Amino acid sequence: MSYEETNQWLAALEAKYPDKCKVQSIGNSYWGLDINAIYINTQQSKKIFVVANLNAREWAAMTSAIYIIHELVRNSNGYPDAANYQWIIIPIANPDGYDYTTTTNRFWRKNRAPQTVIDFGTDLNRNFDYMWDLVITDQDDDLQSETYRGPTAFSESESKAIGQFLQQNANSIVLYVDLQAFGEYLMTPWGYTRNPAPNADFLTSVAQAGSKAITDPTRVPRDAPFYLVGSAAEIMKEASGSSIDYCLSVGVKACIAMKLTSQGYEIYTSAIPLYGQQALAAVQAMAVKADGG
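So for the sequence shown, the UniProt record's numbering puts the first residue at 1; every next one is plus one.
Calculated directly from the structure, the hints in this document are not laboratory data. Keep in mind the model is a prediction, meaning the values are calculated, not measured. Ideal placement from N, C-alpha and C gives every residue a C-beta, glycine not left out. Among the hints, erroneous ones may be present.
[Said to hold, decoys possible] Estimated spans, in silico, between C-beta atoms of each pair:
| # | residue 1 | residue 2 | range |
| --- | --- | --- | --- |
| 1 | F107 | W9 | 17 to 27 Å |
| 2 | P225 | F202 | 41 to 51 Å |
| 3 | W9 | E266 | 14 to 24 Å |
| 4 | P18 | N169 | 15 to 25 Å |
| 5 | Y17 | T218 | 19 to 29 Å |
| 6 | S45 | P217 | 29 to 39 Å |
| 7 | K46 | Q164 | 40 to 50 Å |
| 8 | T116 | S45 | 41 to 51 Å |
Please work from the sequences and hints to get the whole structure.
Quick look at the structure:
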């Protein structure tokens, strides 16, 4: 779906199920597009915050977020544990970048904020204000690099909006999940260093609960892969300014990045429900674990 189609679908869902959900913008992109979030089970105080598509080309993250929304609103009776939490889900956190991948460059990663007259975009997952000033590679400061970190921390309206939401709701967020693609990983902080986070054992146990849930046939009917658990720095490479590192720094106890699929950035349409099932199973199980279950 395009950005506009996604928003139309969210609006239609809100109109049909006003007692179950509401749609609200948490901010705007550089070019003025709404960063829309859907709030589900608004009567609950404990929150699960799911952000998808910070990296524009990772469509499987967006489609999985849409699947989660569909199931929690239309088929809520099938997910009793989910009813104990308020879900805030942003299916397209990088509207300008996502729109660009649907019209011009399918593999664009960054947002579309101009840096010079010829250079565009900042990697939003390098722009959060925690250890942002730690330059790890030359690409961090290369305007033409797809992982350019931006001129300052929170220079980008998209990362700033998500960061503000995390900070303002840190005491009530049980779990934050950054949905990404691809790799079949469940990654914990830190991303900027291989040194363990203060609550590394707890974070690992939360991620492991998600990995286990994915292979549970009662949650994911089809054979599912094993999702590797580890810190982002260990599984990928050291990178500063990530959303999960910032999330942990402001006091959210459980902050996880989930990389979906082994197919790459382009996935078969027929596989969309499967990846959605994996994401929903993992997020729900991780929330219960993070909440003391």
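Results for each hint:
no.: 1; hint: F107 / W9: 17 to 27 Å; verdict: 25 Å, holds
no.: 2; hint: P225 / F202: 41 to 51 Å; verdict: 25 Å, violated
no.: 3; hint: W9 / E266: 14 to 24 Å; verdict: 22 Å, holds
no.: 4; hint: P18 / N169: 15 to 25 Å; verdict: 23 Å, holds
no.: 5; hint: Y17 / T218: 19 to 29 Å; verdict: 26 Å, holds
no.: 6; hint: S45 / P217: 29 to 39 Å; verdict: 33 Å, holds
no.: 7; hint: K46 / Q164: 40 to 50 Å; verdict: 20 Å, violated
no.: 8; hint: T116 / S45: 41 to 51 Å; verdict: 46 Å, holds
Checked against the numbered hints above, the structure violates hints 2, 7; every other hint is satisfied.
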